[in-house]
Amino acid sequence: MKFFPAAVSAGTLVLAAVLTGCIPAADVEAAPDAANPDCAPVMVALPENLAGADQRETTSQATSAWGSPAEIIVRCGVPVPGPTTDACATVNGVDWVLREEGNLWTATTYGRDPAVEVLIDTEKVASSTVLVELENAVSRIDQTRECVSTNDVDLPG
Numbered sequence: 021m022k023f024f025p026a027a028v029s030a031g032t033l034v035l036a037a038v039l040t041g042c043i044p045a046a047d048v049e050a051a052p053d054a055a056n057p058d059c060a061p062v063m064v065a066l067p068e069n070l071a072g073a074d075q076r077e078t079t080s081q082a083t084s085a086w087g088s089p090a091e092i093i094v095r096c097g098v099p100v101p102g103p104t105t106d107a108c109a110t111v112n113g114v115d116w117v118l119r120e121e122g123n124l125w126t127a128t129t130y131g132r133d134p135a136v137e138v139l140i141d142t143e144k145v146a147s148s149t150v151l152v153e154l155e156n157a158v159s160r161i162d163q164t165r166e167c168v169s170t171n172d173v174d175l176p177g
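So the mapping is simple: the numbering used here equals the position in the sequence shown, first residue as 1, plus 20.
A hint or two may mislead.
To be verified - Below, in silico cross-link-like pairs of lysine to aspartate or glutamate (EDC-like), each with a Cα-Cα straight-line distance of 16 angstroms or less:
#, residue 1, residue 2
1, 144, 106
2, 144, 74
3, 144, 121
4, 144, 120
Claimed, not checked - Restraint ranges, calculated between C-beta atoms of paired labels, are given here:
#, residue 1, residue 2, range
5, 149, 102, 25 to 31 angstroms
6, 80, 168, 31 to 37 angstroms
7, 162, 43, 32 to 38 angstroms
8, 88, 164, 33 to 39 angstroms
9, 67, 110, 17 to 23 angstroms
10, 123, 67, 30 to 36 angstroms
Derived from the structure by calculation, the hints contain no laboratory data. From the three backbone atoms N, C-alpha and C, an ideal C-beta is built for every residue, glycine too.
Construct all of the structure, not just a fragment, from the sequences and the given hints.
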């Protein structure tokens, strides 16, 4: 009987390792303004499953990742985009500045401070699905500006 507590402790450690240790935390660099308190409501509202991928732990504050290897990464507190000629799309009331580099898309909220950045591996998930599913979380930051096109602006001429 003297060895029973040690056996339970070893069994508990093995069970804990099985439940938590299968997928290591994703190494994600924190954004410059990750400590902004307005990021907290966004991070707690992120879905556990996004575009069919399960959420996993990350190594930095105000970040999240889905899939193994990570197919989707979210960082809150990235620099707020100013006026740009990059593509801007409105998805479920959220404006996103979109940049594409091969199969990696970067979508950054426009008109919200702090800004939220989403990196999407488009070979594995559809960017439109991801942005639709993130609407509830990112809309917790108030929108103060919106995307406009050159058709909406009076240009000198």
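Going down the list of hints, with the structure as the test:
no., hint, in the structure
1, 144 with 106, "violated, 23 angstroms"
2, 144 with 74, "holds, 13 angstroms"
3, 144 with 121, "holds, 15 angstroms"
4, 144 with 120, "holds, 15 angstroms"
5, 149 with 102: 25 to 31 angstroms, "holds, 28 angstroms"
6, 80 with 168: 31 to 37 angstroms, "holds, 33 angstroms"
7, 162 with 43: 32 to 38 angstroms, "holds, 34 angstroms"
8, 88 with 164: 33 to 39 angstroms, "holds, 36 angstroms"
9, 67 with 110: 17 to 23 angstroms, "holds, 20 angstroms"
10, 123 with 67: 30 to 36 angstroms, "violated, 23 angstroms"
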